[in-house]
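Here the protein sequences line up with chains A and B, keeping their order.
Letter by letter, the first sequence follows residues 1 to 421 of this note's numbering.
Letter by letter, the second sequence follows residues 1 to 421 of this note's numbering.
Check each hint, because a few of them may be wrong.
Covered stretches of chain B, as calculated for chain A (at least 3 residues, CB under 8 angstroms) [stated by the list, open to error]: (1) 16–27; (2) 98–107; (3) 235–245; (4) 363–373; (5) 382–394; (6) 413–420.
A partial selection of chain B residues facing chain A, derived with a Cβ cut-off under 8 angstroms [claimed, not checked]: (7) Val113; (8) Val204; (9) Pro224; (10) Ile249; (11) Asn252; (12) Asn338; (13) Leu360.
Derived by calculation from the structure, the hints in this document are not laboratory data.
Just so you know, these numbers come straight off a predicted model, no measurement behind them.
From the three backbone atoms N, C-alpha and C, an ideal C-beta is built for every residue, glycine too.
Below are the chains, spelled out letter by letter.
2 protein chains.
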Amino acid sequence: MSDTDIKSYMQSIGREARAASRLVAKAETADKNKALTAMAEAIDRDTKTLLAANAKDLEHARTKGLEAAMIDRLALSQKSIANMAEGLQQIAALADPIGEITGLSYRPSGIQVGKMRVPLGVIGIIYEARPNVTADAAGLCLKAGNAAILRGGSEAIHSNQAIAKCVREGLVAAGLPESAIQVIETTDRAAVGELITMQKYVDVIVPRGGKGLIERISNEACVPVIKHLDGVCHVYIDDQADFDKAIRIADNAKTQRYGTCNTMETLLVHTEIARTILPVLGKIYLEKGVELRGDEAARAMITPMNPATEEDWSTEYLAPILSIRIVDNLDQAIEHINRYGSQHTDAIITENYTRARRFLREVDSSSVMVNTTTRFADGFEYGLGAEIGISTDKIHARGPVGLEGLTSQKYIVLGDGQIRQ
Amino acid sequence: MSDTDIKSYMQSIGREARAASRLVAKAETADKNKALTAMAEAIDRDTKTLLAANAKDLEHARTKGLEAAMIDRLALSQKSIANMAEGLQQIAALADPIGEITGLSYRPSGIQVGKMRVPLGVIGIIYEARPNVTADAAGLCLKAGNAAILRGGSEAIHSNQAIAKCVREGLVAAGLPESAIQVIETTDRAAVGELITMQKYVDVIVPRGGKGLIERISNEACVPVIKHLDGVCHVYIDDQADFDKAIRIADNAKTQRYGTCNTMETLLVHTEIARTILPVLGKIYLEKGVELRGDEAARAMITPMNPATEEDWSTEYLAPILSIRIVDNLDQAIEHINRYGSQHTDAIITENYTRARRFLREVDSSSVMVNTTTRFADGFEYGLGAEIGISTDKIHARGPVGLEGLTSQKYIVLGDGQIRQ
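Pulled out of the complex, with its shape left as it was, chain A reads as follows:
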């Protein structure tokens, strides 16, 4: 397609999404759930078709020589398809957030003022290889009363189209407009440029993928973006930490999974406890094959440990690498986190009441924890039921974003003829 064609294609997608969003916003809970269940059933039924479409994408990816990690994210299996369907069933089982009225109270003028939870409208999701995002995002957006425009990676186009067919079938089965969830059919990059600047038709953009993609989108978007760039998460072991808890948590936060955004990347240790705890921790990490990089004081306590550079402190490794720094006190720990961190998730290990309270208040991150692992920063673990992503922004939504993050609240005012004097 030419750029003009793409513009008019995207404008038409946007117009339809806006029109559909009005209908989805007022759809009954039962109809939204019916659509979600029908989508799940269609996905289950179409397992073979989905695998065949995915095989095409995989073949193409191998021909193009895409890296193994990318191919891994792209690949569907019977199990991952079943999980996709199960995810939609779980979203159907969540409470409907839309229409909830809170805080209705009378004002001196006699009017009653409260807030009603409402959909955002049209949500644009831009993601990379993972085809399961198509089903997850469609489900969450629909349950929260929104229309969605989905733009998956070009490498997953056949898989995404096959999933999109099941999604549309579910919408139709419940009498909802097909255009409530649209998957962009062109792989042209210009389509993304249109999507993130169609303020008239799109209310918010949620980019999911690597830091490069997300930075580019948030720099170029005119539409508000809910995003997280990276997760440089810290655990700070205070000198009043319980030794066993500190070992257990510092181990889990780094080694339970290496490639997730809530994995610890820097360990901060109070100088008073470092001499006793670091050798024990160092042994655990080294045995698990974690490369250690530290400041001078830390390197005096564990061997082998490479020197950490200034750059290390703000690096999200997503790999079995850990940077370690010895600090003099809580102030230094908080200062380090607020300076080098990415405002994602940070934890203190301490038995000291006042320090726990200070850490909770003064660390400016989307999740702040006491005596537990950063790995818990997750929509399911927090009880949101499902998440569309984790936000490190401060505006609108911070931390794991579930159904509620895809909604807004309007004021409602009930009167009996009151006028303003």
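Model the placement of chain B on the given structure of chain A, informed by the hints.
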């Protein structure tokens, strides 16, 4: 200043604001209140100095031939200065939103998850002639634990600097950093361009002023913007409306004040009640000097009434002009509002339960009302205590924005050594 100088001046303002924001975020409630009270006292004490500074601005404005409305907004008086001080005292009396913890509940893993209300960080306020915004915005931002960078209109520069001096004095009296509230000293427009793109130092921009200013800022900003463009507010009189309430409200919504954003600009009337109610309402409006513009059906019922053009339906008059349209039913009224309105404030007058419920749910505006006047859409009337503006955005804050709109929520997680399996 050259553009390079402005850039480095603004960067230094930003850096200082960011540093101050960390201190203000953890400031005790008593200290914030002490600063607010000291600001109020300094403003009261400096009344003469403020009037003298304002006189300079007024003289300059007259020499430059600024329009009367602008000069009116610019002018300070003993009374308006006393109101400014009183406003700061009122903000001191409001509850501190920061640190409030909500929803702490246990998860199956044993961790306890909740949310803590936290400041946004650094807020940039860009406004036009009104010097009182300097004090109001400073007070609200500080109470919500934020640092602020204020950029008033060049025509009010002397007044704003004089108020800024009182604000700084208040901060110092409470031991808070002076740079928590900075008023930009240059009137160069390039400073605004810097302010709205310093993502590193500014968390949100709140523009206050005419539609032109706000459109320009939201198009050029990289930093998130909380804004309202205009208020095209509607009252819909249903055929099941109570006649007296309908008259009272439709009168009040238009004529109580003409120049405010929550004033009704279009009246929609159900065809069944139009013949009886429009002649009565028309008489009231015409006696008060309101120019009426209507569709053909409405014009058959009131004389004189000019024909309304397509453009009228989406115009914010801010003047004694009202457009009137006859609709066949509730659906047509809702469709008209969602199509031509500005998602500000809309009201239905009806005694019908189901229609009231439908209107509340389906009208996509920041305030939706039943049987009361749009003029109530206001932070004070809603009980927020004070407002920094009214947002017609959907992201983050909708409707009147008070202290809470200047805050965010982070997750807090409390554990006893739990790790993820």
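At a threshold of 8 angstroms, is the proposed contact between Asn338/B and chain A supported by beta-carbon distances?
-> holds (7 angstroms)
Are there three or more residues in the stretch 235–245 of chain B whose C-beta lies closer than 8 angstroms to some C-beta of chain A?
-> holds (count 3)
Assertion that chain A covers the stretch 16–27 of chain B - criterion: three or more residues, beta-carbon distance below 8 angstroms = Held - the stretch 16–27 of chain B has 3 residues with a Cβ nearer than 8 angstroms to chain A, which meets the minimum of three.
Taking 8 angstroms as the limit, does the beta-carbon of Asn252/B come near enough to a beta-carbon in chain A?
-> holds (4 angstroms)
Cut-off 8 angstroms, beta-carbon criterion: hint that Val204/B touches chain A = holds (6 angstroms)
Verdict on chain A covering the stretch 413–420 of chain B, where coverage means 3 or more residues with a C-beta closer than 8 angstroms | Holds, because 8 residues of the stretch 413–420 of chain B bring their Cβ atoms closer than 8 angstroms to Cβ atoms of chain A.
Are there three or more residues in the stretch 98–107 of chain B whose C-beta lies closer than 8 angstroms to some C-beta of chain A?
-> holds (count 3)
Taking a Cβ-Cβ distance under 8 angstroms as contact, does the stretch 363–373 of chain B have three or more residues in contact with chain A?
-> With 10 residues close enough to chain A, the hint holds.
Hinted contact Val113/B with chain A - closest CB pair below 8 angstroms = holds (5 angstroms)
For the hint on Leu360/B, does the least C-beta distance to chain A fall short of 8 angstroms?
-> With Cβ-Cβ at 5 angstroms, under 8 angstroms, it holds.
With a cut-off of 8 angstroms between beta carbons, are at least three residues of the stretch 382–394 of chain B near chain A?
-> holds (count 4)
With a cut-off of 8 angstroms, does the beta carbon of Ile249/B approach a beta carbon of chain A closely enough for the hint to hold?
-> OK, holds: Ile249/B within 8 angstroms of chain A, min 6 angstroms.
Going through the hint list in order, the structure satisfies each hint without exception.
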